[in-house]
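Asks: Here is how the chains run, residue by residue.
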Amino acid sequence: MATKTILQSINEALDQMMEQDPSVVVYGEDVGFEGGVFRTTAGLQKKYGEKRVFDTPISEAAIVGSAVGMSINGMKPIVEMQFSGFSLPAYNQIVTHVARFRNRSRGKYHLPLVIRMPYGGGVKALEHHSESLETLYAHIPGLKLVIPSTPYDAKGLLIAAINDPDPVIFMEPKRIYRAFKQEVPDEIYEVPIGKARMVKKGKDLTIIAWGALVREVEKALELKPEIDAEVIDLRTISPIDFETIIASVKKTGRVLIVHEAVKSFGPAAELIAIINEKAFVYLEAAPRRLTGFDITVPLPKGEPYFIITPEQIAYEMQKLVDFKA
Amino acid sequence: MATKTILQSINEALDQMMEQDPSVVVYGEDVGFEGGVFRTTAGLQKKYGEKRVFDTPISEAAIVGSAVGMSINGMKPIVEMQFSGFSLPAYNQIVTHVARFRNRSRGKYHLPLVIRMPYGGGVKALEHHSESLETLYAHIPGLKLVIPSTPYDAKGLLIAAINDPDPVIFMEPKRIYRAFKQEVPDEIYEVPIGKARMVKKGKDLTIIAWGALVREVEKALELKPEIDAEVIDLRTISPIDFETIIASVKKTGRVLIVHEAVKSFGPAAELIAIINEKAFVYLEAAPRRLTGFDITVPLPKGEPYFIITPEQIAYEMQKLVDFKA
Amino acid sequence: MLFDEYNPLKGEMLQIMDQEGKIVNDKLEPKIDKETLLKMYKTMVLGRTADEKALQFQRQGRMLTYAPNIGQEAAQVGPMAALKDQDWLVLAFREFNAMLYKGVTLEQAFLYWYGNERGSRYDDEVRVLPINVPIGSQINHATGVAYASKLKELDEVAIVFIGDGGTSHGEFHEGMNFAATYDLPMITIIQNNQYAISTPRHKVIKAKTLAQKAIAYGISGIQVDGNDPLAMYLAVKTARERAIKGYGPTLIEAVTYRIGPHTTSDNPKLYREDTEVEEWLKKDPIKRMKNYLIGKKLWSEEKDVELHEELKQLVLDTFKHVEETGEVELNEVFDYTYEKLTPNLEEQLNYYKEYLKAEGIKDGN
Amino acid sequence: MLFDEYNPLKGEMLQIMDQEGKIVNDKLEPKIDKETLLKMYKTMVLGRTADEKALQFQRQGRMLTYAPNIGQEAAQVGPMAALKDQDWLVLAFREFNAMLYKGVTLEQAFLYWYGNERGSRYDDEVRVLPINVPIGSQINHATGVAYASKLKELDEVAIVFIGDGGTSHGEFHEGMNFAATYDLPMITIIQNNQYAISTPRHKVIKAKTLAQKAIAYGISGIQVDGNDPLAMYLAVKTARERAIKGYGPTLIEAVTYRIGPHTTSDNPKLYREDTEVEEWLKKDPIKRMKNYLIGKKLWSEEKDVELHEELKQLVLDTFKHVEETGEVELNEVFDYTYEKLTPNLEEQLNYYKEYLKAEGIKDGN
Ligand SMILES: Cc1ncc(C[n+]2csc(CCOP(=O)(O)OP(=O)(O)O)c2C)c(N)n1
Ligand SMILES: Cc1ncc(C[n+]2csc(CCOP(=O)(O)OP(=O)(O)O)c2C)c(N)n1
Ligand SMILES: [Mg+2]
Ligand SMILES: [Mg+2]
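Protein chains in written order, with the numbering used here: chain A, 21 to 345; chain B, 21 to 345; chain C, 442 to 806; chain D, 442 to 806.
Hints were generated in silico from the structure; no laboratory data involved. Just to be clear, a hint being listed does not mean it is correct.
[Said to hold, decoys possible] Derived DEER-like restraints, expressed as beta-carbon distance ranges:
1. R503/C to K66/B: 51 to 61 Å
2. K223/A to K781/C: 28 to 38 Å
3. R503/C to K71/B: 39 to 49 Å
4. I735/D to K201/A: 37 to 47 Å
5. R713/D to A199/A: 22 to 32 Å
6. K239/B to K480/C: 49 to 59 Å
7. E717/C to H643/D: 19 to 29 Å
8. L595/D to V465/C: 44 to 54 Å
9. K221/B to K781/C: 41 to 51 Å
10. E795/D to K201/A: 35 to 45 Å
11. K71/A to E747/C: 45 to 55 Å
12. E207/B to T477/D: 53 to 63 Å
Each residue gets a CB set at the ideal place from its N, CA and C atoms; glycine is no exception.
Looking at chain A on its own, in the form it has when it is part of the complex (with noise of 0.2 Å):
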């Protein structure tokens, strides 16, 4: 075992997994080659040669309808879109194809494949390469989404979706790829899809984040030692883990969820309706959301606004306990 930073932990979790399943590729604009322009497929192209990863042309419809293909002729094609603000030229794939095959054919064809891509701001980049699109996935039925918030979960839960026999969407936290290092098993192993990872137990309120965000809630705790939250890492976003998130409300009443996905018709809604449906007499106040404002991410220069700071969940954290109905 040894300390791993997220991004070496996708790379491991890739290598690995490509040397013990030759039916696995990986592929997509500069991954081959140069190995990612995050270099997260590193070292790959080298090992595996350059049929099971390669570069493609800047065509994510291709990128994701060619993985559609592969799984039918029994391949597990784990492709990359460079950031998700450009996974969109594959939305149409995604929606009516990847979502779909099983349905479509009555389960002759299903698409064991995983669909990689940086996600979120905070890293001072250009337009489109910032942006959180979790809703756009998330409420299309056939794909399950998962976002690893540390590279212990980001190994483990890469693993889980290439053995996965549904299509994955696998978001990964741009901003902390290599914030900060783990003790991650060196050999394989899986993180469950579906199941919420609870951070720390407390009785004051709940809050739900994952991604980037759960480190920022992390360090509102610290501006805070007066109130003891019960913090949950959402690991997947769809389907989401009822049940640990409806125990925890029924426990404290109260609920903060923190994502930097655009508020309106964002995942935050969701969470807040299924605490409506399952909980609504455990509330001791009114659910909270604090989100990216309904607005592009702005450029650098204006990105601060955007981005969501320990500060403002200290704040939010306040608000919740002080609310009396």
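Once you've looked at the hints, dock chains B, C and D with the ligands against the given chain A.
Replies: For chains B, C and D with the ligands alone, coordinates are given in the frame of chain A:
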């Protein structure tokens, strides 16, 4: 004044706006010579010529992308996606450009365009011809999303959309294109965007719906004469008319949201979140949502399981009024 | 080489038999065994019969929408005869005859248009992808299938169909380019039936031929008389050989005509003249194939009458069976979204069953 | 006709001056007035100077990402010189020189890469669309702009840039086909700089030339030495004349090379040899243009030294100004989503202001 169907109202709105404003152009697949597969644009090419009303190649991205360019160069394009399911190949253009040009150019360019698309199920159609994709557009900052449910609103809202300085997605409930007639003024008039319609006042609970389902709700009322429901036709899905909704929920304390879009991460979730944020203490029951299941809209033989009936709405109404905290 | 000789820029269309089924290019007449020739013909007649009946069923309100293939039989059956069993067929939506030839049962094909997803679950060994509604997107599936075949070094190709209208879609471009990049064993057949719903091909595509689009991808392209089954056979056979040798994909434009409406919801009289249809009726591929077979003494008028009778009955019987067994159970609409029902879907299914029970509704349509 | 003579299938590339700036094709040497020639040259030098400085600023942590243009100046300035003021420039993202020529100020151009949207608000009369990040999608904007120009029967064209990598995108195809369909007054320049980030053009595009993609759309295409400003000028001038006459769009492949990294986040040493870069340095467009001007007695070494000094200072001063004024106010990030703040956005803005106040944070970054 004469009675008109939704289809006729849409055709009339297009006709009158083209007549009034030479910068209006109307185009899309089969929109020109034939007048559209549903005949919404019938007669326009003959009247306004092939340059202003025309057939395009099967290229949704080009249809929407060219509308961006036309807007920049002084036109008011009204484009049609043959079915909302076929707007997905244009989704990249809509999200990255239609929604963002004003912001990107800090107001130098704005896009007063309208993207029309028939949507929804219940017409025994092939795959991809029946989806309800409100969330995909409502979640995107910079877009407005409008859905009429009556001939009167269809004409007034479409005219308002054409006059609106911001880009508007205009979804047409094709199931009721020809379902009924209503008195519709012959002149040009607007129904304001961003304002819901109070269909019926009531005190026991609030029902929010839009598009084809407003009629189904009305039918449900007849099945439950003992329940005095307030019915709101949302009309504009984004931006949402908070005021009307919150005023109603504060009065009734109970709310049912009915939509055909699939449930998870769907429009009802946002409404529930808003109601929590703004009227939590008034809630006497957990808000409920009656929506499409989280599956692909089935082909016609299975579609009846998916389509929401007045009986189901009535069943939900009863559950809501029966709820005791 | 065939594809040099018929380079699309030369403006020559490959034709082997004329409108009457007489060989006009005997150097190129392919040697096809009797069994295959008869299978080709019988499939075409079955396709035509089923097509005509489907239109009737639809008018009687017994079938839903239907997209007829009349006139395009050769463009579909010629290619299929040139393939091997292990080859993959990737569909657009107007390839009824190709499906039948490649092992989709008539019942499955009907069941789909009847409105039941089970109609897209072809038999396990049948290498056909389901009907693909989003125009153009199937090309990319074919590239993936072909990539896998090539990676595994198998003697397989993917053949994919698209309409003339479909070539304008971005996905056509991305898929063709992708296939060219990796020299994939893929064959693309454009069924240029002159229309995309109401829109004539010449009005929205400026290129003189569709075959010349191959040049954009640096691959071979050829324009073929799509109503000539032998020409279509030869083009695909040659393309297949090249693909297997590693020369990459081929783009084949089959020049043909949609005799019927776009679908049963369409009225072609709104946008085209009857005289145009009549001209094309003279080039009927079934007539040509029949004359060719009779000329070769492989077929006779008597056999033909018998065949038509037999297939008509088969179609009626099959459709009756579809009507008797074509309903969908509640579980079916939930069971295939994921391998296992998610907790969420389980809840939704249970909720619905509860509702049905509460209302005393039978669990069915 | 130029485009017949240089039909892309003939494999000839249009070149008017050689690597040293000597005219090698005097029949085609365009007659460009002195003022324009000097503007071309000065823009190229300004572009180069600004480019080199931007790389420095970025290394000093004062500029954000930056996509340098070094080596591609002629491919951008040649076309701009052949346009009229009322023509529209539709950008990809690597057209710094074209922007400057067409009236975008150096300050605006810098401000964008500094990370401020105001850098995309060019002056009202400047007909340039903002930098377009989603590869390929700008082609469709150009078709729309051109459609409007044609509908209004104006003497305007739209010129749109794309990279070699960008031609693989579906949107390139749809836009080119759309423009061809309606014979739109549009000119597409492919800056074939041999790379898409780390991916060499020849590895992912099988077609021998990019110009031959024109054939797929039934339009004119030509391959041009993109480091030859006169050749680029001539090709665009001819394309413009044809466009205005109603002959439709033209596809121009400018063969050039990206001397610098893809962006400041990229390390080209990972994927290409220095020797390759050195070969291309010999074809430097600025050297060629300078020699040409000196040969024509329009320029001198002394003036050149002066110009470089002057522009260097201009660049330093401008960037300093950008640093002093380049911050973004809170309202700016909210104000341009819609014409008016929606009630929802108003609420969000107020909420945030309240938060800042509560925390005693100054309303600013
Ligand atoms: C992406 C997409 N856009 C629009 C449609 C609607 N549509 C169905 S068939 C058709 C015309 C297809 O024409 P063509 O490709 O020539 O095939 P044909 O119908 O002639 O066989 C259209 C526009 C669709 N299915 N998919
Ligand atoms: C749709 C889309 N996919 C991916 C990217 C990421 N990306 C930015 S530049 C680039 C390479 C572009 O290459 P080319 O078109 O040759 O232009 P060049 O950078 O050489 O000027 C890529 C893949 C993008 N901007 N848009
Ligand atoms: Mg067609
Ligand atoms: Mg390039």
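Asks: Does each hint fit the structure? Answer for all of them.
Replies: Hints and how they fare:
no. : hint                         : verdict
1   : R503/C to K66/B: 51 to 61 Å  : 37 Å, violated
2   : K223/A to K781/C: 28 to 38 Å : 34 Å, holds
3   : R503/C to K71/B: 39 to 49 Å  : 44 Å, holds
4   : I735/D to K201/A: 37 to 47 Å : 59 Å, violated
5   : R713/D to A199/A: 22 to 32 Å : 31 Å, holds
6   : K239/B to K480/C: 49 to 59 Å : 54 Å, holds
7   : E717/C to H643/D: 19 to 29 Å : 45 Å, violated
8   : L595/D to V465/C: 44 to 54 Å : 52 Å, holds
9   : K221/B to K781/C: 41 to 51 Å : 46 Å, holds
10  : E795/D to K201/A: 35 to 45 Å : 38 Å, holds
11  : K71/A to E747/C: 45 to 55 Å  : 52 Å, holds
12  : E207/B to T477/D: 53 to 63 Å : 54 Å, holds
This entry does not satisfy hints 1, 4, 7, going by the numbered hints stated previously.
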